[in-house]
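Turn these sequences into a full structure, and let the hints guide you.
Protein chains: 2
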Amino acid sequence: MSHPLAALFSPRSIAFVGATERSVWTRAAFANLSTLGYDGKLFLVNRKGGEVLGHPAVSTIAAIGEPVDVALLMVPSEALLETLPELSAAGIRNAIVLSAGFAESGAAGRELQSRLTSLARDHGISLLGPNCLGFVNYTSKAPVWTVSLRPQRARDAKIAIVSQSGALAAQMSYFAQWQGIGLTYMVSTGNEAGVGVAQVIDYLVDDPATRSIALFLESVRDAPAFARACWRASQAGKPVVVLKIGSSEVTVRSAQAHTGSLVGNDRVFDAVCRRFGLVRVTSLEDLILAAEVLARWGRLPEGGLGLISLSGGLCEIAADRAADAGVSLPTLSLGTSARLAAALPNFGTPHNPLDVTGGALLDPSLLEKSLDAMTDESKFAAVVAVLDVASATSDDSKLLRQLIAGVAAAQARASRPTLLISHTVRPFSELSEEIVDTTGCDYLPCGVDYGIRAVARAIEWSRLARDVGSSASGNGALPWRELSIPQSGRMSTEHSSADDGRPRSEREVLEYLRRRGVPVVPAKVVNSADDAVRHARALGSSVALKIVSPDIPHKTEVGGVMLDVTGDDNVAAAYEQILAGARKAVPQARIEGVSVGPMREAGVELFVGTMRDPQWGPVITVGLGGVWVEALRDTSLRLLPISQTDALAMLDELRGKAVLNGFRGTPAVDRNALASVIVAIGDAALALGAPLVSLEINPLRASGERIEALDGWAEWASSG
Amino acid sequence: MSHPLAALFSPRSIAFVGATERSVWTRAAFANLSTLGYDGKLFLVNRKGGEVLGHPAVSTIAAIGEPVDVALLMVPSEALLETLPELSAAGIRNAIVLSAGFAESGAAGRELQSRLTSLARDHGISLLGPNCLGFVNYTSKAPVWTVSLRPQRARDAKIAIVSQSGALAAQMSYFAQWQGIGLTYMVSTGNEAGVGVAQVIDYLVDDPATRSIALFLESVRDAPAFARACWRASQAGKPVVVLKIGSSEVTVRSAQAHTGSLVGNDRVFDAVCRRFGLVRVTSLEDLILAAEVLARWGRLPEGGLGLISLSGGLCEIAADRAADAGVSLPTLSLGTSARLAAALPNFGTPHNPLDVTGGALLDPSLLEKSLDAMTDESKFAAVVAVLDVASATSDDSKLLRQLIAGVAAAQARASRPTLLISHTVRPFSELSEEIVDTTGCDYLPCGVDYGIRAVARAIEWSRLARDVGSSASGNGALPWRELSIPQSGRMSTEHSSADDGRPRSEREVLEYLRRRGVPVVPAKVVNSADDAVRHARALGSSVALKIVSPDIPHKTEVGGVMLDVTGDDNVAAAYEQILAGARKAVPQARIEGVSVGPMREAGVELFVGTMRDPQWGPVITVGLGGVWVEALRDTSLRLLPISQTDALAMLDELRGKAVLNGFRGTPAVDRNALASVIVAIGDAALALGAPLVSLEINPLRASGERIEALDGWAEWASSG
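Residue numbers (my numbering), protein chains in the order written: chain A, 1 to 720; chain B, 1 to 720.
These are computed hints drawn from the structure, not numbers from a lab. Please note: incorrect hints may appear among the correct ones.
Unchecked claim - Derived, one-sided and incomplete: chain B residues facing chain A with beta-carbon distance under 10 angstroms:
1. Y174
2. W178
3. I245
4. D286
5. E316
6. D324
7. V425
The beta-carbon is built from N, C-alpha and C at its ideal position, and this holds for glycine as well.
As structure tokens, this is what we get:
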């Protein structure tokens, strides 16, 4: 059973439609076929027939006379609308459209692209592009790519590049080449009128040669399909590394000028990555290198990194980089330490990172023995050694070869992934190639700076893969909902209290939360001073009084809150004062009463809010209350639903998390109890369905094991 | 007037002492002379005389028969003690020592190195090393370097590498070579028994060919000399970029194992960089690239960065990287925007970063015109264009050359610094060299990731250079004190109240601060309940009472604080209660009385503390009080003294700085008033001299314009 896109991406016959010698695109696409050694069929279509680049051309698509796997359309954008029916009539089901001038270029272009999409769908044609450069299948030597390719070093290629920008795909392929990294595929998806990154990822999940995917994204155009494809990749153990632009304000502006597509909220995309097991990087170099390290290593066990070098200074730089990247360098266990001490005379106490010292230049076996010991250390998920394969000069090349042969031998024996990297990023020279081929050494000339970051991404992906896997089994169902995306990006909201059972006021929201298992402060809404006094007596403690009105979201500002009130007279007076104040401040407000609740001991206040992202659906945000969330925006965000593990991780992401440990007399917060409540709030919001725009609990008070919602607020889409 | 180290670093005669063909060091050092084209004199000294590497050797230093500028000593460490007097006798005043086995290898080695240092001093010999690889003077083609060098591309070399690690210096030189970056000097200082990085920097400040210095540091061994040299470099407009290891905990451990030298507190070193105008980087690549960009650009005017590329996606990546690096991308002024709109048809509104689009491939003049407009934009300090000089294939090389020639022409006309960089980091190939040489294009193949970071460092250095310059002129004196370093790294402290006029107790410290112009809360220390009541009446407000004792630093813990007390009876009762509580909790405490002060309105509490760093002397730390400083360690640190500008910058560094803007009814803090008080506290600490270990004001309360020290504490070295 082959993938629906197999004919497109593994073609045995290709047609160049609109081929002409004058076009740099035609010439490049044609030259690329021989550069890669394509041995399938080729048809050239030129309105005038005759010969193009020394090959006979037919004058119409119909004249090809047999079905073709894929047609590369190099015709003006207007002509495309006539070309697609001709393809269909000729039995050609896959087409690549180079032309620009579609959705990226304004309203008219968007209209034209929409017609292209409909036409392709109507004729059953899978369309790559428009505004793309095509693709290259390096594995089966089939390039349909319109700028010049260079042959890639014939070695074990493992990674696929998928990019919405063709130009950046090309640049990434150059970088991969300089690093000696082989590619299985390079696919440029352009405007994605038909086939998008989601479909390409889905295809590559099934491609046995592709061990990881390097993805460059400007925007996600089909969120549910994208989520499904990334989920499949994660389940298949195939890492997806993503560089998505749009993390800065300026970028958002620039992206709108450039692509005309919506650059989604960047923090939401971080949550998307976490949910669906993608790791995110910030540069083209990091993208290729993280994908390559993941392709070589696959899923790592839990543990930190072991590091070896011949230079103490380098060890220290690497350790600093690891700390920055969040990679732990575990201390050596006693056994490993003893083994290293025996292997390295005059060395003292071995450490991680391990400085083998220049002594290895006198006795090359020291490096090999050290690697053997380090790769047996159970605290390590992987081991990295630093030594430049290709810095040999004639004078020291023999020594260097001995060292590298030793590394290769240790790597072959090693029970955990190991990699040799260079000190700084450098070209994969002919000398590197020769030494690597001779010794079989697993090497990347990426330097310590990029190398440590790539390792950090590999560790991160492995952890995510475990998390994603465990949520799947835990719930007995897929841990992601089908994303339901509202019709338009903006929804108007309403606050009216239509009698539809939807919780709106504080009282209704807190009552709803209570029914959903969220602990709520035992406050009661009263409508007379007498009832206020009665409930205060029943609580038997100092009380807090608050106005209850769907029209007054910010109670404090209208004098609608009084705290720490004791004694019947004071309670009665507070009741009247709050009511009078609210009526004066917001005369039209519908007032449901005054809530009377117990004062609580010192505790931490949190903010928990859900929102509906127009692209990715409901998300949940957690922050510490007050200055933390309001002035510092110190929050953590996830797609809903979340698990207990997710909620604990969210708390751990807060910069101010130390206040949860207890501070100046406040008891430490029971994080498990708090996390359960956050999960329950998220589930409660989901249960209210798509018309819910936002559910906010502010504050959620936490003190020891007591977690209580003190106030709540819901906002609904007016259409629902 | 030549520099004292001129003969060492620009030798016209060199002696290799202990030269032997069996040694890789001798062979490499010898080969390097011809690799670089050294045309001075060379003498070989071998105990057996005869020939070494085809050259006649003398058997003793004395037999050289004439003074030599520098001797490279390749003799065993024990033999060195005999060799130095021989050098001196022969009139040789500069020596380089390769051997290891000195301070880096334990107590015996430290002792040996100390003898070496004394001997060199006694004989008037400038000593480079031990445990170093030597140096290379590329400008005068004089290498005294003991591993194989490769010839460097003959072009305008501008940067010098200075490194305590010889191996890393070599790796940096390789990276520079791959980037097409020329070096003026490479100096490895090793253990620095004689000449250290400070002296080398001082020498390079006077070297006209060296435009910037790339410095790798494990530790600073002579802080005052280092500070002086860096200050001279800053005053001379010569940037020093530094990679100093030790930013992570693990690194500190490893560095101790490696060098046996003290890795100073990393945050203090950040403050040192800021004070003396160094910019700090985190990788070998960043070190070379930032130094090169600074060497090309020098001091930039104020302003942000202009960015141009042919790819929208790349513009967006670059903008994200700039945001991360703290580089602003100013919006275009109307004039520039209009000029670009005229130059770029069908473009819409031009932005920064500027996407020239693939249209430049059809009309190469678009890129040149855009660069002309962007380099005239007054909001920019510099402009960076992204285009890979050496990605041309035969098919598109003509077009690429046109594009690059256009960039070069625009660069030549530009009124502000411009640089062309590649998309990703890549080799400076022969093709790059040819195109750069032909067109004169200013190019670095460093990629956007490293390139933007290098630009960020150039902007940072320019700002620091302005700051350092302005403090110098403002004070009418050098803005740095001579560093006075205590005899030992640790000092015992004392709390006794010897009658030496030193402020110790809260009362004494606050009184001292008041005299030094620091506003202090008008509290009075009383010794009877009656006096407490009298002072409370005089204040005419609710009061705070606090125990005053040099033996009770943490008052709250012994019930020694009562807040918001009103009424004569309550004040009297509070007085007695505090006294009784303190006497019970700390029976031996010397109690000076109870302080009675006014309660203040809501405000922000800060922590201000000075400390004495064993290496760099007095430093000042500022943080927001409470959870911020205690749980989050959210502080800013500077060397003392500080200016008003420094103090404002310190406040701006605090993560929680938003609370200073006013929050929930607290008035916004007057930052200028607060900064003045912080400066005054720093000056007050300095005025107490070296025996002061620490002066802490906690809290310093700030509310609007009212800034007041509420509590203070001083700690003194017991020896003083």
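Checked hints:
{"no.": "1", "hint": "Y174", "result": "holds (6 angstroms)"}
{"no.": "2", "hint": "W178", "result": "holds (5 angstroms)"}
{"no.": "3", "hint": "I245", "result": "holds (4 angstroms)"}
{"no.": "4", "hint": "D286", "result": "holds (7 angstroms)"}
{"no.": "5", "hint": "E316", "result": "holds (4 angstroms)"}
{"no.": "6", "hint": "D324", "result": "holds (7 angstroms)"}
{"no.": "7", "hint": "V425", "result": "holds (5 angstroms)"}
The earlier numbered hints are all upheld by this structure, with none contradicted.
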